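Below are the chains, spelled out letter by letter.
4 protein chains.
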Amino acid sequence: MITEEILKSVFKPHNLKWRTAITKVEPNRLITRGYLQEELVGNTSFSDMVYLLVKGKMPSKSESKMLESVLVSFCDHGVTPPSTQSARIMASTGSPLHACLAGGLLAFGKNHAGAIENSMHLLQEGVARTPPEESLDDTARILVDEFMSRQEKIPGFGHRYHNADPRAPRLMELAREMECLGRHGELALSIESLLHKSKNIRMNIDGANAGILSDLGFDWRLGSGIFMIGRLPGILAHTYEEISRESPFRKFFHIEEIYYDGKE
Amino acid sequence: MITEEILKSVFKPHNLKWRTAITKVEPNRLITRGYLQEELVGNTSFSDMVYLLVKGKMPSKSESKMLESVLVSFCDHGVTPPSTQSARIMASTGSPLHACLAGGLLAFGKNHAGAIENSMHLLQEGVARTPPEESLDDTARILVDEFMSRQEKIPGFGHRYHNADPRAPRLMELAREMECLGRHGELALSIESLLHKSKNIRMNIDGANAGILSDLGFDWRLGSGIFMIGRLPGILAHTYEEISRESPFRKFFHIEEIYYDGKE
Amino acid sequence: MITEEILKSVFKPHNLKWRTAITKVEPNRLITRGYLQEELVGNTSFSDMVYLLVKGKMPSKSESKMLESVLVSFCDHGVTPPSTQSARIMASTGSPLHACLAGGLLAFGKNHAGAIENSMHLLQEGVARTPPEESLDDTARILVDEFMSRQEKIPGFGHRYHNADPRAPRLMELAREMECLGRHGELALSIESLLHKSKNIRMNIDGANAGILSDLGFDWRLGSGIFMIGRLPGILAHTYEEISRESPFRKFFHIEEIYYDGKE
Amino acid sequence: MITEEILKSVFKPHNLKWRTAITKVEPNRLITRGYLQEELVGNTSFSDMVYLLVKGKMPSKSESKMLESVLVSFCDHGVTPPSTQSARIMASTGSPLHACLAGGLLAFGKNHAGAIENSMHLLQEGVARTPPEESLDDTARILVDEFMSRQEKIPGFGHRYHNADPRAPRLMELAREMECLGRHGELALSIESLLHKSKNIRMNIDGANAGILSDLGFDWRLGSGIFMIGRLPGILAHTYEEISRESPFRKFFHIEEIYYDGKE
Chain F
1 MITEEILKSV
11 FKPHNLKWRT
21 AITKVEPNRL
31 ITRGYLQEEL
41 VGNTSFSDMV
51 YLLVKGKMPS
61 KSESKMLESV
71 LVSFCDHGVT
81 PPSTQSARIM
91 ASTGSPLHAC
101 LAGGLLAFGK
111 NHAGAIENSM
121 HLLQEGVART
131 PPEESLDDTA
141 RILVDEFMSR
151 QEKIPGFGHR
161 YHNADPRAPR
171 LMELAREMEC
181 LGRHGELALS
191 IESLLHKSKN
201 IRMNIDGANA
211 GILSDLGFDW
221 RLGSGIFMIG
231 RLPGILAHTY
241 EEISRESPFR
251 KFFHIEEIYY
261 DGKE
Chain S
1 MITEEILKSV
11 FKPHNLKWRT
21 AITKVEPNRL
31 ITRGYLQEEL
41 VGNTSFSDMV
51 YLLVKGKMPS
61 KSESKMLESV
71 LVSFCDHGVT
81 PPSTQSARIM
91 ASTGSPLHAC
101 LAGGLLAFGK
111 NHAGAIENSM
121 HLLQEGVART
131 PPEESLDDTA
141 RILVDEFMSR
151 QEKIPGFGHR
161 YHNADPRAPR
171 LMELAREMEC
181 LGRHGELALS
191 IESLLHKSKN
201 IRMNIDGANA
211 GILSDLGFDW
221 RLGSGIFMIG
231 RLPGILAHTY
241 EEISRESPFR
251 KFFHIEEIYY
261 DGKE
Chain R
1 MITEEILKSV
11 FKPHNLKWRT
21 AITKVEPNRL
31 ITRGYLQEEL
41 VGNTSFSDMV
51 YLLVKGKMPS
61 KSESKMLESV
71 LVSFCDHGVT
81 PPSTQSARIM
91 ASTGSPLHAC
101 LAGGLLAFGK
111 NHAGAIENSM
121 HLLQEGVART
131 PPEESLDDTA
141 RILVDEFMSR
151 QEKIPGFGHR
161 YHNADPRAPR
171 LMELAREMEC
181 LGRHGELALS
191 IESLLHKSKN
201 IRMNIDGANA
211 GILSDLGFDW
221 RLGSGIFMIG
231 RLPGILAHTY
241 EEISRESPFR
251 KFFHIEEIYY
261 DGKE
Chain L
1 MITEEILKSV
11 FKPHNLKWRT
21 AITKVEPNRL
31 ITRGYLQEEL
41 VGNTSFSDMV
51 YLLVKGKMPS
61 KSESKMLESV
71 LVSFCDHGVT
81 PPSTQSARIM
91 ASTGSPLHAC
101 LAGGLLAFGK
111 NHAGAIENSM
121 HLLQEGVART
131 PPEESLDDTA
141 RILVDEFMSR
151 QEKIPGFGHR
161 YHNADPRAPR
171 LMELAREMEC
181 LGRHGELALS
191 IESLLHKSKN
201 IRMNIDGANA
211 GILSDLGFDW
221 RLGSGIFMIG
231 RLPGILAHTY
241 EEISRESPFR
251 KFFHIEEIYY
261 DGKE
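So the sequence lines, in the order shown, correspond to chains F, S, R and L.
First residue of the first sequence? That's 1 in the working numbering, and the numbers climb one at a time after it.
First residue of the second sequence? That's 1 in the working numbering, and the numbers climb one at a time after it.
First residue of the third sequence? That's 1 in the working numbering, and the numbers climb one at a time after it.
First residue of the fourth sequence? That's 1 in the working numbering, and the numbers climb one at a time after it.
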């Protein structure tokens, strides 16, 4: 006989697919990572929530403060970033707000947002391969030498607009103050010291945040995600500015089009 | 003779296009809404930054705290929202992180995120049309009657999963505590009171945040943008969970496809 | 007793959701709008497929030829369209191909792609409101007068780069040759005649295609979709050109940033 | 003295950035890859245009016919593909058409659309490394052995819904008829022959099209782009079906949410 139990077991396999550890949704009850949402609202900061959602547990007070500084540091870079330009171009065509924000994020390709992930990856690999009792200076030297021999830029160092990115030292200073500076941040500082001496290149915001986020325990694959959370308010502000202060469907550049020889 | 000045004037018209009041970018100097970024980092909260970027000035302490609560309240709703489902489906296909987050935002259509904007629009219109010395109860009644006569739902009230959304009263309570409850929030409460008596329908999270954001002075066209800022960490958490805990390119549903009569 | 039938009926309601009249998928058998796909491949043109998929039946030979001309006419407009600019900016950031194409489409806002939909809407309304035995000249005059009194541009007429869009007369000529010119195309021609006399404004590609697609029986809400199908190859070509011929993460413009007074 | 020439030379460097070999835009004149657009419209097929835009020259008649068959073969796969599901979910939220199509494309991740690119890459490498006078059977064997030893699937062979994808043999048959079968298609057939004998696995649509597109001279990095051009009409049809035949913001599945242990 087909019992209710069998019925359920037949029914279940097809529905086992959607599962999550993030939020449990019940009628009139939303539990995120073990906390009732109505208790989170008003008692936790936004950076607490980011940490809780992604890492599954509450940060310490200083971890939360540190993450907040990281998020704030990503806020905006004027009209120079491709993500901002894309969002404004779309806004100008009359695309709705959510499509403009989405379009902005689509410009976070590896050349734009990849630096922070690559920098985190590098620092996490570097620290993982250095025995905990050993200094990171040797690791830094090996890494710098390798990149130099390949004539590649080390992700997280140097900037196309700034030769001394003012956000990086500020972030490292805060990391020290909040006691959030660990092995990854140290490795980043060690690399900077070598690059500064030999090539006058300094750590940029990606390098600083890569060290800090790694010390906060974030998987390098999440780096550009944190960047996007921090930057979305800036993209919103630009989209809104475009809509409210510029004329629709304006031309963004004087195009003096060069029609070059069309061989594939 | 063509002087430097003429040269500049000829040159400029084509480049006047990219302008912004948000961030001034100079070598080694980033000034956002009048503040040096290195001074913002570490001294301002994330919600300060959202307010500053979008509204062009710093919020008061309680405004900032209130906005933070709003952002936190949007954090996550499990795997039920279309935006979360879209992001996870894309993640499963191997789309990179930034494309999944963008894809999530593309599902903030008017039926999903429109409620908060429509609710803000309604409250802002309602308050604007009520002389400041008059009670909002009459306005509430007129609005409720009009929607009921059209057999339409009032945006910001009722929920398809919850009949008493636990986030809404918590937010209104905080608004009261932080002295952020103004005419818009009052109108929302007035509408709820009528709807609750007549139809047992309560304010949902969108209605509560619509009232609060309106009282904080946000243009209704920004409502879904604030929602997306608050939700992006949740979408990131789901995307990461999909990548790290589920098998790639999994089937999301048992599709028992119905092939109905194909007349257009 | 719970029989297999009951079991199925219990099971079904949750799975009835995904249904389609477009393609029936069975193991080793794909039936699109009633045709086996292996019989469609090699026997039908691309425009046949577009028509079949969207409208649920095969077009006549001349309808198919006409639709193909419409699709070809949308092919490309150099680097001037916002959609092309967006896709190239994203490609330059290292975003993958599918994200660049998606990003290109996000710039089809109402100011960019809306013209064809608005033009179709206008022509379809105009024709629907004119009794079939009556001339469309009066309708044309009423429409032109109304837009002029509102000082608005009529969608489908005039162009910001061309004062005589060469694609429009060619398309109308083909429509005549292929006997695809119906009431909607006639109304468009009638409007053009009035605008040309009074303001030297001519039909543009959107106006021509709006007339033709309406005469082919397409719902105006599909207009921008047909445009996007026609334009996607151009966006692909530009994305590929960007990747293969330009340096990554290049600056797209000399930004002479104007930092204007930041009042909201 | 600053002459007009100097003026221009000063002016130019900042505007040299936007250049293209695809379409030259002049007032009332659009020249694509050397052809006036008004002469292309009506005289060239859609697949001619795809080939011309991407490869910079006109295809032969049989190349064009072959490419058209490839495009048609990608048309639709019911509601099973993640791209179709994403587009429909977005349409249901009320996202506008262009955002739904964009969202559909964002689901063309490497697990969904990557197969055709990987298959093209494999065949192009395989052929490039085999001296032209040598048989491809040895190359096929080496490739199959390598993938088997790594316990990986060979891209372009096997399908999760079909064990004998009906589109693949049809495409290969057409390639033979149209004399478009070259070394890449032969290598694909050779691999299939080995896989079929040893594991009863057959070529799928991606494998067939990978061989054909490679023989038509397409760079493997364009594979998913061609796929997306072919599939966009299907996504449009589904989006339109969702809008016109389903209720807005419907639930797509019965979510029996499993809240698993939330350790990161």
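Some clues are possibly wrong.
If several chains are the same, the list does not tell them apart, and a pair holds so long as it fits within one copy or across any two.
[What the hints assert, rightly or not] Once the Cα atoms are required to be at most 27 Å apart in a straight line, the calculated BS3-like pairs of lysine-lysine come out as:
#	residue 1	residue 2
1	K61	K251
2	K24	K110
3	K251	K199
4	K61	K199
5	K61	K153
6	K153	K57
7	K199	K57
8	K251	K65
9	K65	K199
10	K57	K197
11	K61	K110
12	K61	K197
13	K153	K251
14	K110	K57
15	K65	K153
16	K24	K251
17	K197	K24
18	K197	K65
19	K251	K57
20	K110	K199
21	K61	K24
Calculated directly from the structure, the hints in this document are not laboratory data.
In this text, all values refer to a predicted model and were calculated from it rather than measured experimentally.
Up to 27 Å CA-CA - K251 versus K24, copy category: between (48 Å within a copy, 17 Å between copies)
Could you place K197 and K24 in one of the four classes (within, between, both, neither) given a Cα distance threshold of 27 Å? Neither, since 53 Å and 30 Å both go past 27 Å.
Please sort K251 with K57 into within, between, both or neither, judging by C-alpha distance up to 27 Å. So K251 and K57 fail the 27 Å test inside a copy (48 Å) and across (29 Å) alike.
For K61 and K24, with the copy left unspecified, which applies at a CA distance of at most 27 Å: within, between, both, or neither? within (25 Å within a copy, 32 Å between copies)
Within a copy, between copies, both or neither: which one fits K61 and K153 at a CA-CA cutoff of 27 Å? neither (35 Å within a copy, 42 Å between copies)
Up to 27 Å CA-CA - K57 versus K153, copy category: neither (36 Å within a copy, 38 Å between copies)
Status of K153 relative to K65 across identical chains (alpha carbons, at most 27 Å): neither (31 Å within a copy, 41 Å between copies)
I want to check one pair: K61 and K197. Are their C-alpha atoms no more than 27 Å apart within a copy, between two copies, both, or neither? This pair counts as neither: shortest intra-copy Cα distance 36 Å, inter-copy 44 Å.
At 27 Å max between alpha carbons, let me know whether K251 reaches K199 within a copy, between copies, both or neither. between (40 Å within a copy, 24 Å between copies)
Within a copy, between copies, both or neither: which one fits K153 and K251 at a CA-CA cutoff of 27 Å? between (35 Å within a copy, 18 Å between copies)
Please work out whether the CA atoms of K110 and K57 approach to 27 Å or closer within one copy, between two copies, in both situations, or in neither? Neither, since 29 Å and 32 Å both go past 27 Å.
Treating 27 Å as the Cα threshold, decide for K65 and K199: within, between, both or neither. Answer is neither: 33 Å inside a copy and 45 Å across each miss the 27 Å cutoff.
The structure shown violates the earlier hints numbered 1, 4, 5, 6, 7, 8, 9, 10, 11, 12, 14, 15, 17, 18, 19.
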